[in-house]
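Student: Okay, here's what each chain looks like letter by letter:
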Amino acid sequence: TQLLEQSPQFLSIQEGENLTVYCNSSSVFSSLQWYRQEPGEGPVLLVTVVTGGEVKKLKRLTFQFGDARKDSSLHITAAQPGDTGLYLCAGFGNEKLTFGTGTRLTIIP
Amino acid sequence: GAVVSQHPSWVICKSGTSVKIECRSLDFQATTMFWYRQFPKQSLMLMATSNEGSKATYEQGVEKDKFLINHASLTLSTLTVTSAHPEDSSFYICSVRDRSFYGYTFGSGTRLTVV
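Those protein sequence lines, which keep their order, are chains A and B. With positions in the first sequence counted from 1, the corresponding number in my numbering is that position plus 516. With positions in the second sequence counted from 1, the corresponding number in my numbering is that position plus 1089.
Any given hint might turn out to be false.
[Stated by the list, open to error] Capping the alpha-carbon separation at 20 Å, the derived lysine to aspartate or glutamate pairs in EDC-like fashion look like this:
(1) A:612 x B:1177
(2) B:1130 x A:521
(3) B:1130 x A:557
(4) B:1130 x A:554
(5) A:612 x B:1141
(6) A:612 x B:1176
No wet-lab data here; the hints were simulated from the structure. Owing to the predicted nature of the structure, the values given are computational and were not obtained by experimental measurement.
Chain A with its partners taken away, still in its complex shape (with noise of 0.2 Å):
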């Protein structure tokens, strides 16, 4: 079983700070995915990671593969109360997709 913990589980700072979330695992993944979901809602795609060290920028959040395929950070800078959400990496292998433990994020005004 290809197993992914993200850490923090949780995380609460205020507007305005940076932070990384972690998504880490034994296993190797032939593509990385994050996900944001809102409560009552399905998980919806931020980005997809392919190649070892990879990094992606979208606005404010910017993702990184780890070289090994088997590691990914997810770094906001200047976090706002719109980043609330849960956030999810997803490891795709053996034809599906797995994912993480999660990390609740609560941006504070």
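Given the coordinates of chain A, assemble chain B onto it according to the supplied hints.
Tutor: For chain B alone, kept in the frame of chain A given last:
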């Protein structure tokens, strides 16, 4: 990505009854759909892979006789929770792997409450 519609968005049923949840791919013919379950404050757990025209593939620990999956067409997969019990109360979400190689689109989910 694909457009996925899930229905109903919420349902309350009595213990012992069965509930059917529909997942439709509105603009894409999906040979494969996925069903996930999410308990409060937890992540998504894959229950099964729904294959058009053939039997679903269930993940370890998921009872196939309790969670019946039917994928009779390229645009519709259904999940039926049979003889529902309160412990089946959860958020059920379907997804479609769309045209792009890495793209997954998720439905808006169904909140099932068994009383």
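Student: Hint by hint, say whether it matches the structure.
Tutor: Against the structure, the hints come out as follows:
Distance restraint check for residue 612 of chain A and residue 1177 of chain B: the Cα-Cα separation of roughly 23 Å exceeds the 20 Å cut-off, and the hinted pair is therefore not satisfied. Between the alpha carbons of residue 1130 of chain B and residue 521 of chain A the distance comes to roughly 15 Å, so the proposed pair stays at or under 20 Å and holds. Restraint check for residue 1130 of chain B and residue 557 of chain A: the C-alpha separation of about 13 Å stays at or below 20 Å, so the hint holds. Using a Cα cut-off of 20 Å, the hinted pair residue 1130 of chain B and residue 554 of chain A holds, with the two alpha carbons roughly 12 Å apart.
Proposed proximity of residue 612 of chain A and residue 1141 of chain B is supported: the alpha carbons are some 16 Å apart, at most 20 Å. Restraint check for residue 612 of chain A and residue 1176 of chain B: the C-alpha separation of about 26 Å exceeds 20 Å, so the hint is violated.
Hint compliance for this structure: hints 1 and 6 are not met, and every other hint is.
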